[in-house]
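If you read the protein sequences in the order shown, they are chains A and B. This note's numbering puts the first sequence at residues 700 to 1070. This note's numbering puts the second sequence at residues 236 to 742.
Calculated from the structure, these hints are not laboratory results. Just so it is clear, CB atoms sit at the ideal spot from N, CA and C, and this is done for glycine as well. Check the hints yourself; a few may be wrong.
Stated by the list, open to error - Ranges of calculated distance between the beta carbons of each label pair, as one might list FRET restraints: (1) A/R771 with B/A680: 31 to 41 Å; (2) A/N900 with B/G519: 12 to 22 Å; (3) A/D848 with B/E629: 52 to 62 Å; (4) A/E839 with B/E677: 46 to 56 Å; (5) B/Y725 with A/L1024: 21 to 31 Å.
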Amino acid sequence: MARYLVLSDGSVFEGAPLGAEGETSGELVFNTGMTGYQEILTDPSYAGQIVLFTYPLIGNYGINEDDFESDRLQPTGIVVREACEDPSNWRSSKTIHAFLADRGLVSIQGIDTRDVTKRIRSRGVTMAAITSGDPQEALERLRHSKSYDETDFVQQVSTKAPYAWGRSGKETVESESDTSRLRLVVLDCGLKFNILRRFWNAGCRPIVLPCTATSDEILGWNPDGILLSPGPGDPARLAPVVETVKGVLGKRPLFGICLGNQLLCQAVGGTTYKLPFGHRGSNHPVKDLRSGKVTITSQNHGYAIDPESLKGTGAEITQINVNDLTVEGIAVPELQAESIQYHPEAAPGPWDSRPYFAQFVEQMRRVKESA
Amino acid sequence: MKVLVIGSGPIVIGQAAEFDYAGTQACKSLKEEGHEVVLINSNPATIMTDPGVSDALYIEPLTVEFCERVIARERPDALLPTLGGQTGLNLATKLADAGILEKYNVRVLGTPLSAIKKAEDRESFRSLMREIKEPVPESWIIESPDQLREVLDLVPYPCIVRPAYTLGGTGGGTAHSTGEPLEVGQKGLKLSEPARKMVERSLLGWKEIEYEVMRDSAGNCITVCNMENFDPMGVHTGDSIVIAPSQTLSDQEYHMMRTASLKIINALGIEGGCNVQMALNPDGFDYYIIEVNPRVSRSSALASKATGYPIARVAAKIAVGLTLDQIDNQVTGTTKACFEPALDYVVVKIPRWPFDKFATGDRTLFTQMKATGEVMAIDRTFESALLKAVRGLEVKQKDLRHAKWAGGQEADSTLKEAIRVPTDERLWAIAEGFRRGMTVQEIHALCKVDPWFLNKMEQMVRGENDHIVEPTVFKMVDTCAGEFESQTPYFYATEGQTFDEVLATKK
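Next comes chain B alone, as it looks inside the complex (with noise of 0.2 Å):
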């Protein structure tokens, strides 16, 4: 079969190299397979572009009009869409839309257009949980700036403001009194591809939980990874501290949710990865459906790097027709893809902002995404995790101490702004808060981090245990916690008793 991805073209805030992963993973997979891979990208700083990756490829702008010409020369027999981001997505409704698809006989592979539709279209996804009967917070279509204004009277603040279709969340914003959002969305409505437009019922505060799942043509479901943001509901979870399993879910919560997300790519009828995200009461069993991302996404490439699943090679295959428990585990070589990985190490995903290049920008985070990037680490305990993220980074700060906040010249009620207010300076500002004696309770209530994170980074702070632990040992990534001999040449540093076997030969 030949087949055509499309690559996420030029890397835009919002939308960084993890689509050149996913991308490059899917190429490889499908020519594993036997396929014939050819491929349009405008993007030559990317591995997919590379000689060998495909078989044809098309350094051609992204755009209707250049694939169609890709496609009349080339005659590929399907289009795989979902692994090239939001560009190679929307590139390929146009296609289908334009009667391109059709004209030429190309078939869609993995999740059909029609269940991507209806995940990203705000209404047509509100009435499917409707449906299945699970829970999305209440909200308001606004399809004009008028509109927006009579809707001003009915909505609980805070409010979020945000479009359909767009990149990380452009043009949407959160709104805690009347004045704000009329700005916001007069901003995203132009912004947004559709002029169409959400308000909805902001959940500051709550949890906010993620879940990649993976679904075959056959209706075998499973769970990657689950994920819990460190930053509660409001700041976007590319901007968020990102922590890999959840740590503060009983498992009760946990395979609530789980269960939940799913019921989703089951009735959406997913083929392939999809992320889910999810905000959760801290004080209750009570849980919304915030989004879901019916495609291989940011989120799966942490997912994918923190748990040793290579979901997008898995997600080509099950686009060609295999199923989960047909495809093998590449990472321990005797098991299938048709599990659930288990960790034995936590990961820690702090994002990398560009405002030491934009020394003027608005550092507050929001629900519009303003990282171009993100570091990632693994340790045996959250600690270590997060100085080792903090390293990763290459900003000035080694450690939780931060310039700015040593010597304590600035106030008390700045410090106590920057903690209550979400930016890329807000973990030091935390830190120092404990430094200065503030309680786990004091900060909590400024920011709404769990108390788990604020316990952790308490105890950092007040042992004088902010500093990296010399790693002693290497262990593997192996996604099943030890319980099987594994092939898999990835690890990382940690403090321990003995090492894990560099295996000398590949089988």
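This is chain A alone, in the form it adopts within the complex (with noise of 0.2 Å):
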């Protein structure tokens, strides 16, 4: 039985089925990182798009109980050249194909993807669809559906219902906790687990609001520390949420990971654009300006800052991305706010970030001893 990948621009490419029976479309985007497929299923910063994994073999080392970075599955497809059949690892409870066809998420294998790679770097990101239907049909379903830009992601990916992060994760707000640990108030715009685990590890207890909740709702909980999450979809379209953080500039030493980073950059005055297909991978070189030290990170974004935007903002340019020049971090001094456009949780990727983790806490520490 065929099943087939189509982009908006009508290129049909045939292949095997992989996962759940039907059909499924979103915005086309590839991953260069060669382990780490479990974690990314589970990224809530994925929403919305199929992804298409580079390296050519996929669930090699099953999938296990462990490594989600969230409850659910968040893209809504992945493209694959081989799907393991016969996964090897200690901790391998399931095949990848299992597994998505358990959760119902429609994907394919057997596609040349460093064809499909090499269009998507030239043209830019697409629409795309997968379906075990005909190509055709769902080519004309795909010129009609609403683009990944028009979609407001972050409102369904965010908890519904703030909770607390513990030993062993997460917990009702209630629940109770040693006192010396620093609290942090984490606005959950498509928050990673392990963010939350690098947190506890580093010393704090963290509390996760939605994305939903106002400055008065963050400030009453009498954080030490807020973090603003990464998560999907355009930056520009989360108005409200940047109103938030603006409520809160200031007042709180304030962290911010990748769309973190964008809303800290927009609720200076700075502004976000579309990069062409955006980074995703585990293997990118970004440069402390301060240190002039290069770090390998972990990386899913699909925008990025405007350098320009920010100039007049009191906001500064940290880090850059070494291979396209990119803002990949900010700081605003006098306002106690910093964030970095990558992922020091790693999960998937390169551990060489975490200390962040260490640094921030450090930071909401001397905060709260000198207050």
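Join the two chains, each given in its own frame, into one complex according to the hints.
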């Protein structure tokens, strides 16, 4: 039985079934990481996107019970060259195909993924569909469907109710916690669990609030620090969240990751723009302009900060991408705020920027003790 | 600056043409930066001794005496010792110890000799690992055959006996019972330069994983690639079938070991390339650091060709003070050397052994390298890469069938032994096992090769899929999995839909 990958420009690629039967659509993006498919499958920043893996053999180490980054599958589909039927790893509990089929995700394998990657590289990201039905009909439906840039994904992926993070994971905000831990309020626009795990390990008690939380609600928790989480979609569509950030800016130490970087940028008056095909992978070099040091980072973003727009805002550029010189980090020193575009929590990707968590927690502690 | 480069001398078992490749790259790289290169090498059958590769060439024995004469005449400002393999490195160390480098005011470029000693002397290496909390297998130091007898009662079997400072683990061996290590040890003690030896816990059956890493003088670190050995621990990595990148590691395992590798090269203060070998428990997150090669090595040549990342070229530039973000990635032409290659294919390396020339030689493979060369193949599936590599070996076998096993003349018990004991023929013995109906579990129990590889082989044998599919297109090895338009003329043949364009003009 055939399955098709249909691009909005009308090109059709025939492949073989993977995951559930049916039809799905989303913005087609590629990720160049050679490991980490399970984390990517559950990363909320991939909401609304079909992820193509450039590494040809996906599913080799199966799916395990530990490496989930959220409670559900986030991309709308995946495209691979070959999905492994006989995974081998001591933690593996099922094949990627069984996992996708169980969760109802329509995907495709047997695709010349390098060919499709090169199209995305030269023509930019595009809307696409995967179908087990007629490709021409799928193309018609694709042409009439809402584009990625017009959709609000943050509302869909954010938690509906506040929760806390403890030693063994999610717990209610009423759960008791060690009072020596610093209280970090996280504004959830599409959080990955590993951010919470890292902050917990660094000595925090994370309290996670929905993206609709107001600045008064955030400050009502009397946090020692505030985190703006990563998340999917066009950051320019998030005016209400930007207003919330403005309301807390300067009142507590504030830290942003990925979308959080773009939210901080907008809160001080800067703007963002869409990259032609984004940065998605585990090998992106980032230079810290203060130390001159380069770190290999995990990235997943389709939008970037316009450096020109930061002029006169009080924000300074702290880090840049070595490949394309785009902005990877900003700081607003007088407002105790700083953010980075990449993922210090890794999962997937290199652990080199993990020290950020300890640094930010240290800053929270300093501010708390001097108050 | 005038730089002296020490070549690798004659090709010997355990050290092949990879150091000519590395040395040639280094000479070119130094000249690109405007430095004058003086080369000393005794081997005329090398590219590095070709006219134009160096500015001055001395075909002389690689000894302290001859080297001093060259230094006295040329008065180089600096010496680059980490690109000529172990021979070059040992000679540089002797020159330093003899006070010759100091006498003529020759600076050592790249990784400091003190760091190299720390990495190569097992005792100081182990104490450094303990300092930075990286695990090393338990071991005992042996200074004499008498002492070796004493530790026999202490060691956990199987154990490994091996010397420090040797090529390709010469003089090492695995002992399964009390009788064995003494013999191997005495032989090894004579071969080793300083008469020091290690008895070490054997990690037979654990996964053997390597990371090829680089660090510059500013402390920027990258991983060029990681590699997974098909043959589990117990077989020298030079005698192992090696796959890049790793196939059976989850992201957690991959980055746990990557992080350990970078921590080690930072602690050692490496300035250039380095190879870190680790053993990973197939049933958990435990790992041990087995060995660090603080220089460009055989694995670096493989990693360079597997990824397209020119390790020796970059290492030479790091040695003269450039940082990774200042060095261009020549492959893409648009990005920098400070990144980690992303592969969108699978690489299989198979060693080439000289047993066809030594018909009576012991074909058993263990911790002392026996291969004299290797072949590498690239493709989009493991199956085709493996078959291409077999085809490249220039042995009688053209696929997973071996005349020795055809027709089932050999008894099942003989076959099982050939699956259990690593030799140059084990790959075909495993295939024959599947042909005779053995299961993945049965074969895994004998050879401990990861079931991922065995499942692939089983499908190849059972599906009669053990022949090369005619390639239809060529694709590019571009270091970046197609993310950036690249200018490299480096390709592999594969099944696929579209060709990668061959660029007519280079920038």
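Right, here's what the structure says about each hint:
no.: 1; hint: A/R771 with B/A680: 31 to 41 Å; result: holds (39 Å)
no.: 2; hint: A/N900 with B/G519: 12 to 22 Å; result: holds (20 Å)
no.: 3; hint: A/D848 with B/E629: 52 to 62 Å; result: holds (55 Å)
no.: 4; hint: A/E839 with B/E677: 46 to 56 Å; result: holds (53 Å)
no.: 5; hint: B/Y725 with A/L1024: 21 to 31 Å; result: holds (26 Å)
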